[in-house]
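Colleague: Spelled out, the chains give:
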Amino acid sequence: MKRARAEVLNTRRFGAYHALTLVAPEVAERVRPGQFVSIAMPRGRTFLLRRQFSIHQASRRGGWAGTLEFVFDPRGPGTGWLAELKPHQFLDVIGPLGKAFAYPAKLSTCLLVSEDHGAAPIYFLAQELRARGKRVDMLLGAETQERVFKPIEGKRLSQTIVITTGDGSLGERGDVLDALPQIVESTGTQVIYAAARRSTLRRLAEFCFERGIPSQVAVEEEMACGIGLCFTCTVPVIRKDGSGYDHLRACVDGPVFNPARILWDRWMGEQPAMVPTPPEGFPAVRAWPG
Amino acid sequence: MSDPRRGDGGGRTKPTSAVDLRGLRFAHPVLAASGCLATGHDVPGIVDLHRLGAVVTRSLTFAPSKGWATPRAAETPAGLLSATGPQNPGVEAFLTEDLPRFTKVGVPVIGSVAGSSLDEYVRVASRLHREPGVVALEVYLSCPDDERDGEPVYARPERILEVVGAVARLSQVPVFAKLPPLLPDLVEIARSCVRAGAFGITAVDAVPGLAVDADRLRTRTAVPIGGLSGPAIKPIALAAVYQVARALPEVPIMGVGGIASADDAVEFLLAGAWAVQLGTALLTDPSAHVEIGRGILEYLRSKGLSSPADLRGRLRVRERVEGVP
Numbered sequence: 001m002k003r004a005r006a007e008v009l010n011t012r013r014f015g016a017y018h019a020l021t022l023v024a025p026e027v028a029e030r031v032r033p034g035q036f037v038s039i040a041m042p043r044g045r046t047f048l049l050r051r052q053f054s055i056h057q058a059s060r061r062g063g064w065a066g067t068l069e070f071v072f073d074p075r076g077p078g079t080g081w082l083a084e085l086k087p088h089q090f091l092d093v094i095g096p097l098g099k100a101f102a103y104p105a106k107l108s109t110c111l112l113v114s115e116d117h118g119a120a121p122i123y124f125l126a127q128e129l130r131a132r133g134k135r136v137d138m139l140l141g142a143e144t145q146e147r148v149f150k151p152i153e154g155k156r157l158s159q160t161i162v163i164t165t166g167d168g169s170l171g172e173r174g175d176v177l178d179a180l181p182q183i184v185e186s187t188g189t190q191v192i193y194a195a196a197r198r199s200t201l202r203r204l205a206e207f208c209f210e211r212g213i214p215s216q217v218a219v220e221e222e223m224a225c226g227i228g229l230c231f232t233c234t235v236p237v238i239r240k241d242g243s244g245y246d247h248l249r250a251c252v253d254g255p256v257f258n259p260a261r262i263l264w265d266r267w268m269g270e271q272p273a274m275v276p277t278p279p280e281g282f283p284a285v286r287a288w289p290g
Numbered sequence: 001m002s003d004p005r006r007g008d009g010g011g012r013t014k015p016t017s018a019v020d021l022r023g024l025r026f027a028h029p030v031l032a033a034s035g036c037l038a039t040g041h042d043v044p045g046i047v048d049l050h051r052l053g054a055v056v057t058r059s060l061t062f063a064p065s066k067g068w069a070t071p072r073a074a075e076t077p078a079g080l081l082s083a084t085g086p087q088n089p090g091v092e093a094f095l096t097e098d099l100p101r102f103t104k105v106g107v108p109v110i111g112s113v114a115g116s117s118l119d120e121y122v123r124v125a126s127r128l129h130r131e132p133g134v135v136a137l138e139v140y141l142s143c144p145d146d147e148r149d150g151e152p153v154y155a156r157p158e159r160i161l162e163v164v165g166a167v168a169r170l171s172q173v174p175v176f177a178k179l180p181p182l183l184p185d186l187v188e189i190a191r192s193c194v195r196a197g198a199f200g201i202t203a204v205d206a207v208p209g210l211a212v213d214a215d216r217l218r219t220r221t222a223v224p225i226g227g228l229s230g231p232a233i234k235p236i237a238l239a240a241v242y243q244v245a246r247a248l249p250e251v252p253i254m255g256v257g258g259i260a261s262a263d264d265a266v267e268f269l270l271a272g273a274w275a276v277q278l279g280t281a282l283l284t285d286p287s288a289h290v291e292i293g294r295g296i297l298e299y300l301r302s303k304g305l306s307s308p309a310d311l312r313g314r315l316r317v318r319e320r321v322e323g324v325p
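Quick note, the sequences are listed as chains P and V, same order. Each residue of the first sequence is one higher than the one before, counting from 1 in the numbering used here. Each residue of the second sequence is one higher than the one before, counting from 1 in the numbering used here.
Quick caveat, the hints were computed from the structure, so don't treat them as lab data. None of these values were measured; they are calculated from a predicted model. Cβ atoms here follow ideal geometry from the backbone N, Cα and C, with glycine treated the same way. Hints are not guaranteed to be accurate.
Here are the simulated lysine-lysine pairs, BS3-like style, with alpha carbons at most 25 Å apart [said to hold, decoys possible]:
id, chain 1, residue 1, chain 2, residue 2
1, P, K86, P, K2
2, P, K86, P, K155
3, P, K134, P, K106
4, P, K106, P, K86
5, P, K240, P, K106
6, V, K234, V, K303
7, P, K240, V, K66
8, V, K104, P, K2
9, V, K66, P, K99
Chain P is faced by these chain V residues, among others (derived, beta-carbon under 8 Å) [to be verified]:
id, residue
10, A38
11, F62
12, A63
13, P152
14, A155
15, P157
16, L170
17, Q172
18, G230
19, A262
20, T280
21, L282
22, D285
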């Protein structure tokens, strides 16, 4: 983990989202898909806490060498401030943080599932998997067309892709997991990776468990520090020997977990039954609290 | 920083950063508050431990504790509301796995003692106080007390004294009582703690707070009432330090609550703190203590003072009103 004063190189919009490209060679050369960076907020504002963002791109070679890019939904005070940044301003960045997705050694047909800008770290993973000769298929979901993150990039990176929107404005109308059994069947999926809403991850976990498909999911949990100090971002994870569970910190022991070991009932226990939960916003490590 | 022209001898002396709390010496006046450097496990390399006067551990219970459900934190205006519960590896695991990480780099450790019963406080303290590297204990008083239907230990003054007294009687190292700010008579309780054997006072613990998500009709932390920290509570903490210091000028006080800059730290020292602890500031800036330590020295230099202790009691008050603290 390194701490750097990183220059903003570029700021772009993708539909509902913003992307920032930073010059941070010491972070960019180490980062792997699923890992995240922690960004300090400006002093003298009422929002104090650092924000955490999954990495979308890290360039080690070529004209963009030493840069990294992350994607966010500028709906909160912190992400709103980030969206207003101009090139050549500087950010206090700590990274890379967290455990990355593991690549399969032998298995070769991978299905990547993402919702909203959970697609950002998933595309990074897709590139790395393809570079290792793996087959990549995708399920990509969002509520509306403008919340589907870079669909053309998704098509480019995958052999087959099913895009789903809640209102049918792009691809099929419905839920990201609607096509799951069919795509697993037709492509012979051997491994599943996902970055999506908690409720989606849970349904996916049940599917993988029933079919015996190994999987890894990037979770989002509210982080106050992002570097393992505060114990706010814990996830109940069953011990390997099955002797119980521990509250593991998503920032240090995650954000990538084996969904079969997450104690979903306990983790989702605080979800209220009385009102539908609106989309919580992504990426896997959410820009929290906004 | 302050205008150096107002100093009475700017730059004449080279100030020291060392502080002496009646024999308990720290190389730096800035400490890490309980809960903000975990228990020592996984403290990232970017935190320069050498520049901390000491580290107060995450509060330790006797058995390992899982803590509460998530979400455990909410950002509030200029504050952090956290409700993590007592998650910690338990005192035994702390001593074997985590403490060596601190002692290896040579940073003094203050063990934060928690418990759900008087007996647990005593057992935790008796495991900690003789360990090399543990220079003091700090008694955390906001635990739910199983012997009193889960009401916090601090809810009754006599229970505070019972717990603090029991720990102080057995401990061979100095014991600090960490006082919550919302006590009916903070000064009187501080005085009683000292009478019961406390060496010093840490003021203040986090302030009880609630954050609501109206959109989803629910509280923003899984356990509704959390502890509010950060700049939002600084004036509350300053008032507590000032009151206790005025009543008990000989008792070492560690000031904590919302310190985010060197100016904040200096304010606490002026109000009567002997040393200060950083909490939330370390979570947002893991080198905050380095910058704050440097800023304190700059301030001392600009005022022609030679040590942080020279600031204590220097706060000028225009008028004191009888009956108003």
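Colleague: Of the numbered hints stated earlier in the document, which are not met by this structure?
Modeller: 2, 4, 11, 12, 13, 14, 15, 16, 17 and 19
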